[in-house]
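Those protein sequence lines, which keep their order, are chains A and B.
Each residue of the first sequence is one higher than the last, beginning at 1 in my numbering.
Each residue of the second sequence is one higher than the last, beginning at 1 in my numbering.
Please keep in mind that the hints were generated in silico from the structure rather than gathered at the bench.
No experiment lies behind these values; they were computed from the predicted model shown.
All C-beta atoms, glycine included, are put in the ideal place defined by N, C-alpha and C.
All clues stand as given, with none of them false.
Not the full set, but computed from the structure, chain B residues with beta-carbon under 10 Å of chain A:
(1) I5
(2) P41
(3) H44
(4) V57
(5) E62
Spelled out, the chains give:
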Amino acid sequence: MNFYGYKRRDGRAGIRNHVLILPTCACGSETTRIVASQVRGAVNIIFNTGCSDVAANTALSQKILTGFACNPNVYGVVIIGLGCETVPHAKLRGKIQAMTGKPVVSFGIQEEGGTLKTIERAVRAARDLAAEAALQQKELCDISELLLGIECGGSDATSGIASNPAVGELSDKLVDLGASTLMSESIEWIGGEHVLARRAATPELHNRIIQICADYEAHLKAAGQDCRAGQPTPGNKDGGLSTIDEKSLGCIRKGGTRPIVEVLNQAERPTKRGAIVMDTAGYDISSVTSMVAAGCNAIIFTTGRGTPTGNAIVPVLKVTANAKTYSWMEDNIDVDLSGIIAGSLTIGDAGDLLLKKIHDVCNGRLTKAEAYGFSDVAVDHVCRFV
Amino acid sequence: MTNAILLDGKDNIATCTTAAVKGDTIKILGGGEIVCVEDIPIWHKVALRPIGKGDKVFKYGEVIGEAATDIAAGGWVSHENIFSVPRDYQCEMI
Numbered sequence: 001m002n003f004y005g006y007k008r009r010d011g012r013a014g015i016r017n018h019v020l021i022l023p024t025c026a027c028g029s030e031t032t033r034i035v036a037s038q039v040r041g042a043v044n045i046i047f048n049t050g051c052s053d054v055a056a057n058t059a060l061s062q063k064i065l066t067g068f069a070c071n072p073n074v075y076g077v078v079i080i081g082l083g084c085e086t087v088p089h090a091k092l093r094g095k096i097q098a099m100t101g102k103p104v105v106s107f108g109i110q111e112e113g114g115t116l117k118t119i120e121r122a123v124r125a126a127r128d129l130a131a132e133a134a135l136q137q138k139e140l141c142d143i144s145e146l147l148l149g150i151e152c153g154g155s156d157a158t159s160g161i162a163s164n165p166a167v168g169e170l171s172d173k174l175v176d177l178g179a180s181t182l183m184s185e186s187i188e189w190i191g192g193e194h195v196l197a198r199r200a201a202t203p204e205l206h207n208r209i210i211q212i213c214a215d216y217e218a219h220l221k222a223a224g225q226d227c228r229a230g231q232p233t234p235g236n237k238d239g240g241l242s243t244i245d246e247k248s249l250g251c252i253r254k255g256g257t258r259p260i261v262e263v264l265n266q267a268e269r270p271t272k273r274g275a276i277v278m279d280t281a282g283y284d285i286s287s288v289t290s291m292v293a294a295g296c297n298a299i300i301f302t303t304g305r306g307t308p309t310g311n312a313i314v315p316v317l318k319v320t321a322n323a324k325t326y327s328w329m330e331d332n333i334d335v336d337l338s339g340i341i342a343g344s345l346t347i348g349d350a351g352d353l354l355l356k357k358i359h360d361v362c363n364g365r366l367t368k369a370e371a372y373g374f375s376d377v378a379v380d381h382v383c384r385f386v
Numbered sequence: 001m002t003n004a005i006l007l008d009g010k011d012n013i014a015t016c017t018t019a020a021v022k023g024d025t026i027k028i029l030g031g032g033e034i035v036c037v038e039d040i041p042i043w044h045k046v047a048l049r050p051i052g053k054g055d056k057v058f059k060y061g062e063v064i065g066e067a068a069t070d071i072a073a074g075g076w077v078s079h080e081n082i083f084s085v086p087r088d089y090q091c092e093m094i
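Bound conformation, chain A alone (with noise of 0.2 Å):
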């Protein structure tokens, strides 16, 4: 299976060709939202972070930001900071451009004098980016090239019922086609870590999916939280889900059945092929946030409540089971699957449909949240603000 896409000189393949106007910090993420919004083919994220962190929170948000310069589909980059955050615009611009032969230019406001100069020129370079962006022909890539997210939120008892089960067949299509599907959120292995774990590919790797349950448990607590308070939210109860287990034992069928041959660190970019996961958040905005930073090209993301979420560089392709959130929500929701629940549509059909749906969005076709242009981004962060 193959796919129109827009080859990257590290070799891998983008799906978008969009130019990003990336923020250092919070403060430099108003400048870039103006900046976008004057560029045809620009896109934003809003940062909250980038300062005033201790180091692990530093070290995640520069993970999450050359990650996203490094996103295979980002043309190029235009870098806004302010000129006294941990990481300024030049030294981040250096790191980016060690990683990636991509266009990559910075400004900062204290140096160009304020906001209004600093749009100027950065709106300019940007302008330039765009125009050389449009020139980029699409060629074709095989499906190997393909690095696909799988996330869940706003959960309730269709997701691990059907539509979870529904993208753990398209995982297994996707990875026995040579591509690598990418599914997170650990919190949420929770009381299923067992079932996954029988999945990994060496004792190593099922151990460490096992560990990682247990570091975040010892986390939270740390915190003065317990997991199961906070697990399921208020809004999974409501859809029916009692527990963290019956959430979890939901969420991992998501993941398909192949072996998974990596287990990643948050946002970290992954080195082998196959079904992969990582240690995220249960927040689905920030796992997102961390697998679209370890290169995503997409997400497909199931929900049974609902929810409008998209990313600025990646297509987020949103599934439900649940008919009722369909109808209601259908400005939000790109595919249907309650069919499966009314009978009318198998497991194994519903995962050769989602295979068509992705096979369209890599070669172009807008999920929802991106026609709206949505741009959700959320860091996690260890430790409080300094």
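Since the structure of chain A is provided, determine the placement of chain B on it from the hints.
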């Protein structure tokens, strides 16, 4: 018609795919039927047999929690009457 889905032969609950009103006979996809003894919202769980306080509750053939109270056959199983039991991670290592 009121319906529920049984996911695994080991399970002692089924998931209602339509809202059930007390006294309804719920047809279980996966085998049998049960009369519900209280109203149960759509997507929530119905007990297929009596579940005693402290008994394990099974869905997907796996434990999803323990009963905090006695739950009658046909009763509503929810976060109000079952709870998650902490894991023994060390025992799961290989």
